[in-house]
Amino acid sequence: DTAVSQTPKYLVTQMGNDKSIKCEQNLGHDTMYWYKQDSKKFLKIMFSYNNKELIINETVPNRFSPKSPDKAHLNLHINSLELGDSAVYFCASSHLAGSSYNEQFFGPGTRLTVL
Amino acid sequence: AQSVAQPEDQVNVAEGNPLTVKCTYSVSGNPYLFWYVQYPNRGLQFLLKYITGDNLVKGSYGFEAEFNKSQTSFHLKKPSALVSDSALYFCAVRVPISGNTPLVFGKGTRLSVIA
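For the record, the sequence lines run as chains A and B.
Just so we're aligned, residue 1 is where the first sequence starts under this note's numbering, counting upward by one.
Just so we're aligned, residue 1001 is where the second sequence starts under this note's numbering, counting upward by one.
Hints listed in this document are in silico derivations from the structure and should not be mistaken for laboratory results.
Be a bit skeptical, because a hint or two may be false.
What the hints assert, rightly or not - Subject to a maximum C-alpha distance of 30 Å in a straight line, what follows is the list of computed DSS-like cross-link-like pairs (lysine-lysine):
(1) Lys1069(B) x Lys19(A)
(2) Lys1022(B) x Lys40(A)
(3) Lys44(A) x Lys1049(B)
(4) Lys36(A) x Lys52(A)
(5) Lys44(A) x Lys1107(B)
Stated by the list, open to error - One-sided excerpt, in silico: chain B residues whose CB lies under 7 Å from chain A:
(6) Leu1044
(7) Gly1059
(8) Tyr1061
(9) Pro1096
(10) Gly1108
Said to hold, decoys possible - Just some of the chain B residues that point at chain A, by a computed CB distance under 7 Å:
(11) Tyr1032
(12) Arg1094
(13) Pro1102
(14) Phe1105
Glycine included, each C-beta is placed from N, C-alpha and C at the ideal position.
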């Protein structure tokens, strides 16, 4: 039983295309996150949702649009893909509820390659 | 703004020897500090965290870390390294101002344990 799952695991696409990555957690957490890990393994927060409400939105191009249909799901849609979008995207979840000391649980990652 | 520094890109240690992976932080206020490990082609896994109280924190797989407020450090340690400990280690910090402050990661340190 995977706690945080992402689909697809690998995504290869052409520049200019639109693609989506899906994330689901079965931990009962109320907060979910998207991170981007670049080729140098640097990990940076992109978005965070708490109870389907956007609470963190870092300086990410508006081509990236997260959507949270419910507390257990957080999807990431990317329009007009660019070469620089190539990275590994990680979804994570945690209990928030006003407590920023709770650890986050990460999905296995989606490796996006833009050609 | 909060930040984390991991001064070593790579740490090499012989199996059975003690290991240390260094982390220093910069925040306004008291930090919440975390260590995560990433095995190849996997998501991050939580190892341990410091919230408050005892400066020595014990975590998974025999790892521990010591919070040192005067040196603003949170070094990860293990008394006897295993080859299976070889992975990428991330230190992270969060400031407990409110629930919507992001978790900020260091750039990671690659640990290589040699048999």
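(request) Hold the hint about Tyr1032(B) up to the distance rule: shortest CB distance to chain A must be less than 7 Å. (result) holds, 5 Å
(message) So, as I understand it, the hint says Gly1108(B) touches chain A; can you test that by seeing if any CB pair is closer than 7 Å?
(response) At about 5 Å, which falls below the 7 Å cut-off, the nearest Cβ of chain A leaves the hint on Gly1108(B) intact, so it holds.
(request) Measure nothing beyond the straight line between the CA atoms of Lys44(A) and Lys1049(B); if it is 30 Å or shorter, mark the hint as holding. (result) Judged against 30 Å, a Cα distance of about 19 Å means the pair holds.
(request) Quickly compare the C-alpha distance for Lys1069(B) and Lys19(A) to 30 Å and report which way the hint goes. (result) violated, 45 Å
(message) Under 7 Å is the threshold here; is the Cβ of Leu1044(B) close enough to any Cβ of chain A for the hint to stand?
(response) Check passed: Cβ of Leu1044(B) comes within 4 Å of chain A, closer than 7 Å.
(message) Interface hint check: Arg1094(B), Cβ to nearest Cβ on chain A, cutoff 7 Å. Holds or violated?
(response) holds, 5 Å
(message) Less than 7 Å between beta-carbons is the criterion; does Gly1059(B) satisfy it with respect to chain A?
(response) Where the cut-off is 7 Å and the nearest Cβ of chain A is about 10 Å from Gly1059(B), the hint is violated.
(message) Using the nearest Cβ pair, does Pro1096(B) come within less than 7 Å of chain A?
(response) Where the cut-off is 7 Å and the nearest Cβ of chain A is about 5 Å from Pro1096(B), the hint holds.
(request) Report holds or violated for the interface hint on Pro1102(B), using the least CB-CB distance to chain A and a cut-off of 7 Å. (result) holds, 4 Å
(request) Given the hint that Lys1022(B) pairs with Lys40(A), test it: the Cα-Cα distance must not exceed 30 Å. (result) holds, 19 Å
(message) Interface hint check: Tyr1061(B), Cβ to nearest Cβ on chain A, cutoff 7 Å. Holds or violated?
(response) violated, 15 Å
(message) Run the distance test for Lys36(A) versus Lys52(A): straight-line Cα separation, threshold 30 Å.
(response) With a Cα-Cα distance of about 20 Å, the restraint between Lys36(A) and Lys52(A) holds, given a limit of 30 Å.
Hint violations for this structure: numbers 1, 7, 8, all remaining hints satisfied.
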